[in-house]
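If you're matching them up, the sequences are chains A and B in order.
Position 82 of the first sequence, counted from 1, bears residue number 82 in the working numbering, the numbering being contiguous throughout.
Position 70 of the second sequence, counted from 1, bears residue number 1070 in the working numbering, the numbering being contiguous throughout.
Derived from the structure by calculation, the hints contain no laboratory data.
We treat Cβ as the ideally placed atom computed from N, Cα and C, and that holds for glycine.
There may be inaccurate statements among the hints.
To be verified - Cβ-Cβ distance ranges computed for the label pairs, FRET-style:
| hint | chain 1 | residue 1 | chain 2 | residue 2 | range |
| --- | --- | --- | --- | --- | --- |
| 1 | B | I1015 | A | K173 | 53 to 59 Å |
| 2 | B | I1015 | A | L140 | 31 to 37 Å |
| 3 | A | S106 | B | E1003 | 50 to 56 Å |
| 4 | A | K20 | B | E1003 | 21 to 27 Å |
| 5 | B | P1040 | A | K131 | 54 to 60 Å |
| 6 | B | G1051 | A | A153 | 51 to 57 Å |
| 7 | A | S106 | B | D1054 | 31 to 37 Å |
| 8 | B | A1039 | A | L119 | 32 to 38 Å |
Claimed, not checked - Some chain A residues well away from chain B (every beta-carbon gap over 10 Å; in silico):
| hint | residue |
| --- | --- |
| 9 | M15 |
| 10 | T29 |
| 11 | S47 |
| 12 | M51 |
| 13 | H73 |
| 14 | E74 |
| 15 | A88 |
| 16 | T116 |
| 17 | G136 |
| 18 | G141 |
| 19 | R155 |
| 20 | L156 |
| 21 | G167 |
| 22 | S172 |
| 23 | K173 |
| 24 | V215 |
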Amino acid sequence: MIVGKQKSIDEVWAMIQGYKKVLVFGCNTCVAVCHAGGNKEAEVMASMLRMKAKQENVDIDIQDSGIERQCEHEFFESVTERIEWADAIVSMACGIGVQFTAEKFSTKPLMPGINTTFLGATEKPGVWTEKCQACGNCILGMTAGICPIARCAKRLMNGPCGGSTKGKCEISKDLDCAWQLIIDRLTALNRLNEYETLIPIKDWSTDRAGGPRKVVREDVMV
Amino acid sequence: MEEPKKIPRDWEPDILAFACHYCAFAAADLAGVMRLSYAPNVKIIRLPCTGKLDYIYVLRAFEQGVDGVFCAG
Chain A
1 MIVGKQKSID EVWAMIQGYK KVLVFGCNTC VAVCHAGGNK EAEVMASMLR MKAKQENVDI
61 DIQDSGIERQ CEHEFFESVT ERIEWADAIV SMACGIGVQF TAEKFSTKPL MPGINTTFLG
121 ATEKPGVWTE KCQACGNCIL GMTAGICPIA RCAKRLMNGP CGGSTKGKCE ISKDLDCAWQ
181 LIIDRLTALN RLNEYETLIP IKDWSTDRAG GPRKVVREDV MV
Chain B
1001 MEEPKKIPRD WEPDILAFAC HYCAFAAADL AGVMRLSYAP NVKIIRLPCT GKLDYIYVLR
1061 AFEQGVDGVF CAG
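Isolated chain A, as found in the complex (with noise of 0.2 Å):
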């Protein structure tokens, strides 16, 4: 999923200034899991913006809505009032939703509330970790199922490189090697001597290097 981090109520405060009705619009799917940018993140938004303004004495009207998904269009009819209610919106999806919403409503200001962190998983509650950079060429196949692009700090297609120690990365003590995971891990599938085999250098065209990135599939189109 798509993970997130809440910005700063100041933050957020100095982007709205200005505006008589703002609307603090929370994602209900990816950045809910990781609360940031749910529709409860959105609401409690909100009440911390109502009172910053009480405080700084300052004239707006915030409200707060949120759709389960703001980068998809079935979703947004439910709230086309409320957005049409506000002066501006303070997005709280990721930099996908925020620039769906915008697209979709192209005379609205927009902000973003949050800042669009990494594709990652959930290790536990609380803790996020980064899994995947969308290459767009999956090599998992061929490294145990642990990705070095995303997770060894020089994307090595063949590691360790001489920065690894006791399993962990030159870096960080706190992150693990991605390479000592993968030997690690092709020894308890019995399967080490695919490691050998050398991965040939990897085709980055699909990746960022080739410009934005777009699936057409026609079989699924209506």
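Based on the hints, put chain B in the right spot on chain A.
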């Protein structure tokens, strides 16, 4: 920025208490049964469990003007 107001001598804070049905609220109930009086500036809201206390409840309470929130369970 609003100037802080001078606090009158007889001022009492408005306190909102969130109490667990099974312990703190039961204690408050028992106090009532025993005809014991307690401060009238504390208003109690019963929760099925204090685990039900969501932080938005606390924020809503402050937004509506209470001076303090008390949670017991």
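Each hint, compared with the structure:
{"no.": "1", "hint": "B/I1015 to A/K173: 53 to 59 Å", "result": "violated (47 Å)"}
{"no.": "2", "hint": "B/I1015 to A/L140: 31 to 37 Å", "result": "violated (56 Å)"}
{"no.": "3", "hint": "A/S106 to B/E1003: 50 to 56 Å", "result": "violated (43 Å)"}
{"no.": "4", "hint": "A/K20 to B/E1003: 21 to 27 Å", "result": "holds (25 Å)"}
{"no.": "5", "hint": "B/P1040 to A/K131: 54 to 60 Å", "result": "holds (56 Å)"}
{"no.": "6", "hint": "B/G1051 to A/A153: 51 to 57 Å", "result": "violated (40 Å)"}
{"no.": "7", "hint": "A/S106 to B/D1054: 31 to 37 Å", "result": "holds (36 Å)"}
{"no.": "8", "hint": "B/A1039 to A/L119: 32 to 38 Å", "result": "violated (53 Å)"}
{"no.": "9", "hint": "M15", "result": "holds (20 Å)"}
{"no.": "10", "hint": "T29", "result": "holds (20 Å)"}
{"no.": "11", "hint": "S47", "result": "violated (4 Å)"}
{"no.": "12", "hint": "M51", "result": "violated (6 Å)"}
{"no.": "13", "hint": "H73", "result": "holds (29 Å)"}
{"no.": "14", "hint": "E74", "result": "holds (27 Å)"}
{"no.": "15", "hint": "A88", "result": "holds (21 Å)"}
{"no.": "16", "hint": "T116", "result": "holds (24 Å)"}
{"no.": "17", "hint": "G136", "result": "holds (40 Å)"}
{"no.": "18", "hint": "G141", "result": "holds (44 Å)"}
{"no.": "19", "hint": "R155", "result": "holds (40 Å)"}
{"no.": "20", "hint": "L156", "result": "holds (43 Å)"}
{"no.": "21", "hint": "G167", "result": "holds (38 Å)"}
{"no.": "22", "hint": "S172", "result": "holds (32 Å)"}
{"no.": "23", "hint": "K173", "result": "holds (34 Å)"}
{"no.": "24", "hint": "V215", "result": "holds (38 Å)"}
In summary, the numbered hints that this structure violates are 1, 2, 3, 6, 8, 11 and 12.
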